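Participant: Model the full structure from these sequences, guided by the hints.
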Amino acid sequence: MSLPLEAQEALARFEQARGWEQRARLLMQMGDTLEPLGEADKSEDNRVHGCESLVWLVAEQHDGQWRFKAGSDARLLRGLLALLLVRVQGLASAELAGVDLNAWFAQLGLERQLSPSRSNGLHAVLQRMAELTRHQQ
Amino acid sequence: MFQPSPWRADFPAIAALQRQHQTYLDSAATTQKPQALLDALSHYYGHGAANVHRAQHLPGALATQAFEGTRDKVAAWLNAAQSRQIIFTHGATSALNLLAYGLEHRFEAGDEIAISALEHHANLLPWQQLARRRNLRLVVLPLDVHGRIDLEQALQLIGPRTRLLALSQLSNVLGTWQPLPALLAHAHAQGALTVVDGAQGVVHGRHDVQQLGCDFYVFSSHKLYGPDGVGVLYGRSQALELLRHWQFGGEMVQLAGYQDASFRPAPLGFEAGTPPIAGVIGLGATLDYLASLDGHAVEAHEAHLHQALLRGLADREGVRVLGTPQTALASFVIEGVHNADIAHLLTEQGVAVRAGHHCAMPLLKGLGLEGAIRVSLALYNDSEDLQRFFDALDQGLELLR
Numbered sequence: 338m339s340l341p342l343e344a345q346e347a348l349a350r351f352e353q354a355r356g357w358e359q360r361a362r363l364l365m366q367m368g369d370t371l372e373p374l375g376e377a378d379k380s381e382d383n384r385v386h387g388c389e390s391l392v393w394l395v396a397e398q399h400d401g402q403w404r405f406k407a408g409s410d411a412r413l414l415r416g417l418l419a420l421l422l423v424r425v426q427g428l429a430s431a432e433l434a435g436v437d438l439n440a441w442f443a444q445l446g447l448e449r450q451l452s453p454s455r456s457n458g459l460h461a462v463l464q465r466m467a468e469l470t471r472h473q474q
Numbered sequence: 004m005f006q007p008s009p010w011r012a013d014f015p016a017i018a019a020l021q022r023q024h025q026t027y028l029d030s031a032a033t034t035q036k037p038q039a040l041l042d043a044l045s046h047y048y049g050h051g052a053a054n055v056h057r058a059q060h061l062p063g064a065l066a067t068q069a070f071e072g073t074r075d076k077v078a079a080w081l082n083a084a085q086s087r088q089i090i091f092t093h094g095a096t097s098a099l100n101l102l103a104y105g106l107e108h109r110f111e112a113g114d115e116i117a118i119s120a121l122e123h124h125a126n127l128l129p130w131q132q133l134a135r136r137r138n139l140r141l142v143v144l145p146l147d148v149h150g151r152i153d154l155e156q157a158l159q160l161i162g163p164r165t166r167l168l169a170l171s172q173l174s175n176v177l178g179t180w181q182p183l184p185a186l187l188a189h190a191h192a193q194g195a196l197t198v199v200d201g202a203q204g205v206v207h208g209r210h211d212v213q214q215l216g217c218d219f220y221v222f223s224s225h226k227l228y229g230p231d232g233v234g235v236l237y238g239r240s241q242a243l244e245l246l247r248h249w250q251f252g253g254e255m256v257q258l259a260g261y262q263d264a265s266f267r268p269a270p271l272g273f274e275a276g277t278p279p280i281a282g283v284i285g286l287g288a289t290l291d292y293l294a295s296l297d298g299h300a301v302e303a304h305e306a307h308l309h310q311a312l313l314r315g316l317a318d319r320e321g322v323r324v325l326g327t328p329q330t331a332l333a334s335f336v337i338e339g340v341h342n343a344d345i346a347h348l349l350t351e352q353g354v355a356v357r358a359g360h361h362c363a364m365p366l367l368k369g370l371g372l373e374g375a376i377r378v379s380l381a382l383y384n385d386s387e388d389l390q391r392f393f394d395a396l397d398q399g400l401e402l403l404r
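The listed protein sequences correspond, in order, to chains A and B.
Numbering follows this note's numbering, in which position 11 of the first sequence is assigned residue number 348; successive positions increment by one, without gaps.
Numbering follows this note's numbering, in which position 62 of the second sequence is assigned residue number 65; successive positions increment by one, without gaps.
A couple of the hints might just be wrong.
Unchecked claim - Derived SDA-like pairs (lysine to any residue); straight-line CA-CA distance at most 20 Å: (1) Lys368/B <-> Arg404/A; (2) Lys406/A <-> Arg355/A; (3) Lys368/B <-> Glu343/A; (4) Lys379/A <-> Glu373/B; (5) Lys368/B <-> Lys406/A; (6) Lys379/A <-> Leu372/B; (7) Lys76/B <-> Ser295/B; (8) Lys406/A <-> Gly356/A; (9) Lys368/B <-> Pro341/A; (10) Lys368/B <-> Arg384/A; (11) Lys76/B <-> Glu381/A; (12) Lys379/A <-> Arg404/A.
In short, the hints are calculated from the structure, not lab data.
Computed from a prediction, not measured in an experiment: that's the story for all the values here.
Facilitator: Have a look at this one:
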């Protein structure tokens, strides 16, 4: 499966990043591209628990395509969420099920952000995404 | 000026972590282990494991001897009058749960249990759930601005209805010693039982449970440079007699029939099943090691580092330290910066600190915070560890601001 265009661009930038500082800067830039959540989206139902920061994930299906929105009060996590969304935005359920998100973050050099012990909550976000999309095939 | 730790080399993991560019400043969560402990574990497993208190064979006798030897060492470490006042559990959490179940029969609807607002979940939830089971009132003693229990208010709140008082000795978030002598004495005068959660306190300085005057004292081995999976419950002899048995199985029983059984008194009556034998033996080796150190030198070293930590935090703009830490650790937040972002960037730079609610959600909520960063020290840390932390913090903040 080929990468969506935005994901290809992000990957190219992260592949060139040298060192933690550059990666952090890129993450913050990615985070700024995230479409801000409306107050209605920041509901308890959309909260992803198991994160140390506030995280919301909204999943909707339009014409068989998944549209996700996500937000957090933590900046670097917003970057990780943006990287997640560029990879999965607009996919159909079957395509989404075929995406290896661990491999995606590994490609970006961010695999350590996925560890269940990490309090940043990306792990919890992925679990939540799987739950939200599994039941609406 | 560089302040080395004379004990750093006794902890092989510190050098290993350093080779991985990791600076370990999360000892309040768990500590690295001395070589003496590794040797004891290796010796036990390498020379013949055996179950304790059961077998007449030689390996069993040796294991039992070493296991019971640790009981003596723990009793000596806490200055308990007798070794049989020491019960081994699987951690501080399980020791506190043992108490909450073992003492349950002593409570009637309307009775009160008093805890403080800064308790770790381990010393909150067992009592909260007991209160819910038995329709008791859980009274929460408030804190002063420094993060110590407000003595004046607490003495008012602990009254004749108070059946039990359970308090941390040293806060795992605020690093404050609690005014235990006055509170324990007052609780006793009201006829209440007293429980001290020594999980953090036991690691810093020596504490005399007889002098402290509590009914029960709890700590976990792994925070005291020992193996994980082992906890200690000390009880005053008369207090131990109040405990009902709570977990049932091998070796805690005197006589067992199909329909009924009788049980042993403490300690073995509260050590159902095979205990963590290697861990207990390892704890003994750790205590031998700790006892061989100059306690005053350790305390002075830790106090010096702690001062340097507080100074460094105070020097930085926008840093707000929670409470007035006295020992070993400090938790802080930074104005306008999310603690998850700081934690992320410290991790990226190989500095291991704790971020989040520190298993004390109500305390953080009471302070109006979602979380905080905690730096915690141990005897193997040196001033370079702190310097690496501050450098990483400065770099991270520069990036974020």
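Participant: Does each hint hold? Answer for all of them.
Facilitator: For each hint, the structure was consulted:
1. Lys368/B <-> Arg404/A: At roughly 34 Å apart (the allowed maximum being 20 Å), arginine 404/A and lysine 368/B break the hint.
2. Lys406/A <-> Arg355/A: Violated, because 29 Å separates the two Cα atoms, which is more than 20 Å.
3. Lys368/B <-> Glu343/A: Measuring from Cα to Cα gives roughly 39 Å; hence the hint is violated.
4. Lys379/A <-> Glu373/B: 16 Å, holds
5. Lys368/B <-> Lys406/A: Distance of about 28 Å is beyond 20 Å: violated.
6. Lys379/A <-> Leu372/B: Satisfied, since the Cα-Cα distance of roughly 19 Å is no more than 20 Å.
7. Lys76/B <-> Ser295/B: 13 Å, holds
8. Lys406/A <-> Gly356/A: 29 Å, violated
9. Lys368/B <-> Pro341/A: 42 Å, violated
10. Lys368/B <-> Arg384/A: 18 Å, holds
11. Lys76/B <-> Glu381/A: 51 Å, violated
12. Lys379/A <-> Arg404/A: 16 Å, holds
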